Structures are given as C-alpha cells and as structure tokens.
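Participant: Relying on the hints, combine the two individually framed chains into one complex.
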Amino acid sequence: MFDDIDDLYQQVILDHNKSPRNFRVIEDADYVAKGHNPLCGDEVEVYLKMDGDRIEDLSFQGSGCAISKASASLMTTLVKGKSVEEAKQLFAEFREMATTGNIPDGGLGKLEALAGVYQFPARVKCAVLAWHAMAERLNGSEESISTES
Amino acid sequence: MEDTAVLSEIESGQERIDLIRKDFPILDQSVRGHTLAYLDNAATTQKPRVVIEAIKRYYEKDNSNVHRGIHELSNRATAAYENARVRAASFINAGSSKEIIFTRGTTEGINLVASSWGRKNLKSGDVILLSEMEHHSNMVPWQLLAEATGADICYIPVTGREGLLDLSGLDDLLSERVRILSLIHISNSLGTINPVTEICRKAKEKGIVTLVDAAQTVGHQPLDVQEIQCDFLAFSGHKMCGPTGIGVLYGREQLLEAMPPYQGGGEMISNVEYHQSRWNEIPHKFEAGTPNMAGAVGLYTAMDYLDKLGRDWIDEADRELADYAVNRLKELPELEILGPPTGRAGIVSFLIKNVHAHDIVTLTDRCGIALRGGHHCNQPLMRKLGVESTARASFSFYNTTQEIDRLVEALKEIQKFFNQ
Chain P
1 MFDDIDDLYQ QVILDHNKSP RNFRVIEDAD YVAKGHNPLC GDEVEVYLKM DGDRIEDLSF
61 QGSGCAISKA SASLMTTLVK GKSVEEAKQL FAEFREMATT GNIPDGGLGK LEALAGVYQF
121 PARVKCAVLA WHAMAERLNG SEESISTES
Chain W
1001 MEDTAVLSEI ESGQERIDLI RKDFPILDQS VRGHTLAYLD NAATTQKPRV VIEAIKRYYE
1061 KDNSNVHRGI HELSNRATAA YENARVRAAS FINAGSSKEI IFTRGTTEGI NLVASSWGRK
1121 NLKSGDVILL SEMEHHSNMV PWQLLAEATG ADICYIPVTG REGLLDLSGL DDLLSERVRI
1181 LSLIHISNSL GTINPVTEIC RKAKEKGIVT LVDAAQTVGH QPLDVQEIQC DFLAFSGHKM
1241 CGPTGIGVLY GREQLLEAMP PYQGGGEMIS NVEYHQSRWN EIPHKFEAGT PNMAGAVGLY
1301 TAMDYLDKLG RDWIDEADRE LADYAVNRLK ELPELEILGP PTGRAGIVSF LIKNVHAHDI
1361 VTLTDRCGIA LRGGHHCNQP LMRKLGVEST ARASFSFYNT TQEIDRLVEA LKEIQKFFNQ
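Those protein sequences? They're chains P and W, same order as listed. Under the numbering used here, the residues of the first sequence are numbered 1 to 149, in order. Under the numbering used here, the residues of the second sequence are numbered 1001 to 1420, in order.
Keep in mind the hints are simulated off the structure, nothing from the lab. Since the model is a prediction, treat every value here as computed from it, not as a measurement. We put the CB at the ideal spot given by N, CA and C, even for glycine. Warning: the hint list may mix true and false statements.
[Stated by the list, open to error] Now the stretches of chain P that chain W is said to cover, found in silico as 3 or more residues with beta-carbon under 8 angstroms:
(1) 7 to 20
(2) 23 to 29
(3) 34 to 42
Isolated chain W, as found in the complex (with noise of 0.2 angstroms):
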C-alpha cells in the first residue's frame, strides 16, 4: 500500500480528494478535449493503482494453478487465493471464511442460490418474494426457478417516484407461503437505502431465507452480514474498485453444507468415480473450474485499499456528493429527480422535460462527462415509475464538487440547446 496517498496525515478536504484521485491513472485524461469527469461509477468503479499492480504482480510472479500443486508457485498462488477469502470473510464480518464463494460477480452469486438452493427447496405454491425495485440479475433467475418449480414471485411495492419500498403490507407479504426473500440493499437507478437488516430480521422470524443484493452497497458503506443477519450476501468486486470477473456469495454455513452443487467440474470434488462423485467441502463445493485468482488478488487489494480510506468516511463522501447534487440540479427548471428526497446512496438518476436521457448523456459526454441514460436494468420498475429512461450520475469517493459544477453548467446548455 506504499502507494497510497497518507491521508491521515492530511486535514483539508480538497487535498485530500486530490492526492485520492492521483491513485486512480485513469481519472488523469482528457475525453472530447475535456478532463474526463467519471460519474458513471454505479456501472462499474475505477480501479486504483494498488489494484492494477497487485494483479501484474501476480502474474508476473506468482501465477500457477491452485491447490494440489507441489511446486512453489502453486503454493503461492493458493496462499494468495486463499487469503483473498479470508480477507473478504473479515471485510463483511462473515463468522468464516467457509461462508465466502467466490463468483464471477453478484449476478452469478444471486443464479447460484437460485440454482442450486431454490431447486432443492422449492416447490410448486411457493412464494419467491423480491421488491419492484430488484436489477434484472435479482428478478431473472428466480423467473426461471418459479418456471423450473411452479413457485410464484411477489413483490413489496414501491412508493412512486420517490423510490422508497412501501413496507406497510410486509407483514401480509411475508406470509407462510414465502421461501426465500431477495432484496437490493441500495437501489443502482434510484438511490434508495433499503433498510434490509430490519426486513431480513421479520423474515427470519417467521423462518423465510434471505439474500440480499449488495453489489451498490459495498464500495460505499462499511457491511456487516451479522447485524443484517441474513442468510445470502452476494457482491462484485468491480463496484468496489476491484477487477471485473471476481465476486463474492456469502452464505450461511448451514445452508451450504445442505446444498448441492452449482456446476460440476474440477475443484468441487474430493472424490471422482466413473458413474458418481462425491463433493468437496464447503466453499469448494461451489467452485467448479479454474478460479479467478488474479481476480482474487485484485479484490484483495481492493478490499485494503478501501479500508485504509475508510469507509464510514466513503459512505459520509458519497452521500455528501449526492446531496450537493440533488441541490444543485434543483436550479434547473424541469428537471425532475428520481428517488428519495434524503438520505440516498450516491446515484442520482433524472429527467429532463423534452430531452430524452440517450440525447443528455450523448450531450454530456461532448463535455468529457460520463453518465448512464437508459433504464438501468429496471424495466419493469421504469414502467411501473411511467418513465421510460433515466439519465444518472453515479459518484464515488474520488469525485469532486467541481464535476458536479461542471455536470450542472453542461445540463444547463442542453436544456438551452434544445429548447432553440
């Protein structure tokens, strides 16, 4: 971590963003004849130079296959894989570094439940309940499980456009027939906070299983799978200023052990004949193939890197960036914001009267401004909002006040430009 910018040592603001943005060599180029304003981090985070030279490092000196190799290099490689999982077991507080499957990112994590937990315990007349707010990744695999088994998917309804879960029916919703609750933690087109741990806590008292999709929440906010008391976890080590490939599925021990395999191959088995097998313990169990290693050393890194900023000061950061934002974009007349008017994560995502989303980012990216127009992987919830795309800017701690300036002087000339 030499690299990285002291920054206990440093008392202003403004220094400090400025010796953290020097950690990031992408942040440092011009796009379209501007210095490129990256708000687009919602997709995917950029990565810093600990990160990218920990995976060089990796290759250029360690790199082997894992386990069962004698030689050096295996040994090392293994030891690096392996101490990725404990170092992400101690990131969310997961009481072992069994309870940690490393995946190719949230979506496989949240398939891989589905697969392999949902065919074993559900059955026709079951009830899958998610929210309306869910990414496609936390709505599409349990289609096809409730396709594969008969089960039905209920939803908790959200409010309107201030994007909150509208928890007053959770009770009902939370009725004998729900098996397994998955729910997104921080919504990646509104912004909204879901508050998980106290729905998890309801669920578990009446003995449904939970997942929580946390793949917006953990390069921003510190996380504990203890207090949320959940039984799934699953994250992406790309939002988090780790490599993209490389994810992470926590789960309960005592879910895993009972579950059967995700996919079949080398690594899952201790054991293989020519007509059965028997698997490997748990997490190997679920790791079929080859790993991710470099990908694990990435997320490693990454997961130091942002422990060293800190990342009570990184929620406290984004969430700053954000509300300065949503009131700088208030001066703009007919511009509507999506999602909660307080407390959101940092995503704002919004409209602009007469201007479709796809013609503000195409705009916006003249001025070397990054965002995302489109409906984020909400569809449904794009329909259900009556919106038909967003535009959104999306920060992370490495952003400043003056792209937001900027953002704002830009989206200013767009409503001018097409308004003439």
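Excised from the complex, chain P in its bound form (with noise of 0.2 angstroms):
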C-alpha cells in the first residue's frame, strides 16, 4: 500500500527509527540544548560533549516521529569529531535541503534520505527539530528552543 512514499520514509530512515544511533545521555556533557516542538509535544535533548572547538562525542534522548528521531541519529554520526564551525555549516546545507529540496553540490551523503520532506511542510520542523536545538546552543544561546519561535 506504500510502496510509493520513498519521498519521505526511505530504509535509511525507517531504519535510524528503529535503531536510532547515539541514543544515551552523556554524564559530562559539556551542553545539554533542548529542543520542543509545540505542534506535537516531542522534546529532544541534545548532549555535546567538546574538546576545545572540536565536538568530541555528541548524543539524544527524547521521542519523537520517525523523520525527528532519525534526523537527530543521523546528526548525530555526523557531527561527531566535526569542528563547531563545520556543524554549524552542515546545519545550514541540511536546513537547505529540508526546507527547499536543494541538495548542495559536495553532496549530503545519508541526510540526502531526508530530501524529500520539503514536500510535506507540516514535517519540516521534525527534522530540523535536534539540528536546531544543536545549532542555538553552540551560537551560545541556553534558551529551550521552540521550533514555534
């Protein structure tokens, strides 16, 4: 009956879902940043643990749909051992992509799974939910952060 929604649930997805990586509290996280979305109720929270400018280890918790926790455990394989600067700048290419369905030309390797939400407005702020969460904090900000504001 779904064969045709690979849009939006493609296997990458459907399988971080299901097996979401990096899915655990980190005890001496440097920053916890806390992502809500208002729409459904989901919480995220985001654990980033630094060493120096470099994002050492990162990790989640939280519920959430299936594109909103397989976003967060896709960011979070690929984030790891990225410098702050280059988290933040994959951020802006991923938001891109969600937002426009523009894929950047180096490529956006397994994020590309989640090039189809643009197509379903209502998701995008799944998506973009645990990167946005991530992003404020390392701009410094300790606000909640509401995918409403």
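Facilitator: Encoded structure:
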C-alpha cells in the first residue's frame, strides 16, 4: 500500500527510527541543548561533549516521530568529530535541503534520505528540531528551542 | 431546505447516509488518488450545501450593516442576524434570546466570561475549578484571570487512560472558596461524555457559577441549558456544520445584566460622550463592532439542517460509528485506545506501539484518510496520561463504516511498514 512513499520514509529513515544511533545520555556533557515542537509536544535533548573547538561526542534523548528521530540520529553520526564551524555549516546545508529540496554540490551523504521532507511542510519542523537545538546551543543560547519561535 | 434530502421517506440506513453525503460537496473528491475519508470532525465539521448557499445568498442579496440602518438592506441584514439569535436560543432551549451572545467561537466565549465576569467577581484566594481534561481554551483564559486576580486554579482529576473524571472527591473540591466551575462536556481527545448536569447541579447548590464548554457537543447531541442548569455555555458554529468565525455564548440573564462589557466600540453602547459612555442592553452590550452577519446566517441554516436530520438520530449515528471503530481497532495488535471503554462520543484516540502519531497521520493521508495527530490542545492531560501524542479519528453523521474499514486496513499496513 505504501510502495510509493520512498520520498519521505526511505529505508535509512526507517532504520535510524528503529535503531537510533547515539541514543543515550552523556553524563559529563559540556552542553545539553533542548528542543521542543509544540505542534506535537515532542521534546529532544542533545548532549554535546567538547574538546576545545571540536565536538568530541554527541548524543540525543527524547521522543519523536520517525522523521525527527532519524534526523537526530543521523546528525549525531555526522557531526561527531567536527568543529563548531563545520557543524554549523552542515546544519545550514541540511536546513536548506529540508526546506527547499536543494542538495549542495558536494552532496549530503546519508542525510539526503531526508531530501523529500520539503514536500511535507508539516514535517519540516520534525526534521530540523534536533539540529536547531544543537546549533542554537553552539551559538551560545541557553534557551530551550521551540520550533514555533 | 429544499436542497436537502427528504430523509423521513428513506428506510435504509445506507441509502440515508448516501443521500446525506450528497449534501456535502467537499466529500465528493479524491485525495491522493483515493476518495476522501474525512475523519477529523472534532477539529472542524464539513458544511452542507444549504449553509454554503445561505451565506452566498446573504452576500448576493441582503448584505448590509446591522442595526440603526434605515434602508431596506440594513433592515434585512438586521432581521437575519437577530433571527439567528432567536434560532440559537431555541436550539439550546435558552429562556430568552437576550441570553445569546454571538462570539467568534467557543474560545472567545470562555474568554468573555473569564474577562468580564471573572475580573469583576474574583479576588485573591478564590478558586477557579476546572478538570484535568480541559482543552487549552478552557484553561489558559483562567490562568490569565488567576494571574490578574490572585485566584487559584484547582482541578477535578482524570482517572487515567480510560479518561473518566474522578468525582469521588467532588464534594470536597466544591469548597467554599470555589467561585466558578468551568467544565468540558465532551472531551475532544478522549471522547468522554462528562455528567455535566449532575456536576453543575451540585455546584449550583453551593452557589458556584458554572460554565460548560459544549464545543464537541453541539453538532452531535441535543443540548438544553435549562436541563443542565448551567450559568454559561459556549460553542462554535464550525463544529456543527456551520461556518467558522461565529459561535455562541449563552449566559443567564441575571448574570449578564450585572457583568461589565467585554470589549468597547460601536453596537455595545447606548450613549457616548467624550469622557464616558452608557452601555447598550444585553446581549448587545457584549457585541462590540460590526458582527459576523454572514456567519450568523450560516449558523441559522446549520441549526435548521441538524434539526431536520434530528439531533437524537445524529447522536445515535455518531455513537454507533465510534463503537464500530473501537471494535474494529481492537483487531490490531499493539494498538491502545484511550478513553472510556463504553459510552463514548464519536471521538477515538489511539496509540500504536513504536509508531508516532505524526507518522500514522502522514501515512493515512496517503490513503485519502484525514486524521489528526498530536496533543489535541490537551498538553497537560497528555503529560498526565504519560502520552506524547495520539492519533485521533473523529466522526460525524456523514461518515460510514466503510471509511472506518479503510482506516483499519491502512493502520494494518502502517504497522507492517514500520515493523518490516
């Protein structure tokens, strides 16, 4: 019945939804970033362990739909080891893709599984929730991030 | 009403539904390649052609501003608007049309009471009594009032996921400090039908003012404010086959007379000077500015339409659909239904293990089935029940058991899809 929905629920998404990576608490995290989607009540916490300017480790906890969970899981695997600037750059490119469908010239690897999200306006917020929380925290904000803000 | 199916002559239930569905132009369309199954009626109901036509006719023939107009069109518009008020009074069996205030909807009705009655009558230490299953619209206005007056808010608890009010401590909750009790009649997320008549009578015995949120009742069941004996009752037109942007606040005449205006402007005054004004009589005192005349005309027609079908029949049809849905949904493993096991209104919220409500709703939409997923403006209740969000199917008399069958088949596929 759902053979034609690969544009949203790709196999990568289903896999990360079922077995989210880095789905844990980092006890000695330097930052804990909180995100909240008032549309559905979903909440996510992103834990960041820094080594100077580099993100040594990151993880997430929380509840969410397949899109938000898979996106957060993919984020943790891709951002780990990156510098703050690199992480912010990746978020900018990911957000561009999630809202417009445009993939940057260099490609976005596994994140491209979320390229179809832009066709589902109600679900874009799910895809960027954890990213948004992480980016705001890296920018120095200590506020909990709401997708409605 | 000549456009409406002549229902009394129809014997077969199926034929009757088929004819009724023809009254609703919007139902006759494909969504994502499937016939639309609109199961989001608790959010808003669809509009029969007679309502759409009545609004069109008003704008094409009668539109003008109401009251104080001398010319013919203004007379017609005023008559149409005031006739709708009389019709609304009879629809809920109010004692007088003076007790009918037109609002934008349930939310504005509750805000009007909280703002006007509340600020005049509440002081620090008083208690506003609500229930834990209130919609945000019957919670946040009281929070604003509590903040402004120093009053406290207390809650009648909900028992758990079966979604009933725990009334065992009601006598204690209705303490001397309670000034107002505001209660939802039918829960928009659980489908629970609360015994508002019994509760309002107990409150009344103790001199407590009562408000009933009838947003989910008005399009589905007969409603009688004199039977309930509430002081206020609020509802929206758009949840009863009427247009958006029009609703009704019923208020007992004696209370309305004593209340200050809600908003200032034209219509609500009898005399204005540079430094002071005198208020118009009720209900106009509470209707500042040009009202929603076309909305009132549409609402009038919607009330006629529902009464022509028969509100007892509608009530029965909704409950049958809900029972059918509950029984069929029970076939699915790892699906949990929230709300009372029996006696629910046409609202069924459910959870599927390991599948988030938004994913359910996105995928049912692929099958042309409109559901709602989320917290349903019940965030505190969802937290209390330990639920992040639910998927919700909500029915109206134009829905069919075949649509529910389609929903069940889609949900089975969704489970398969996420467990692959």
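Participant: Next, verify each hint and record whether it holds.
Facilitator: Checked hints:
{"no.": "1", "hint": "7 to 20", "verdict": "holds (count 5)"}
{"no.": "2", "hint": "23 to 29", "verdict": "violated (count 0)"}
{"no.": "3", "hint": "34 to 42", "verdict": "holds (count 4)"}
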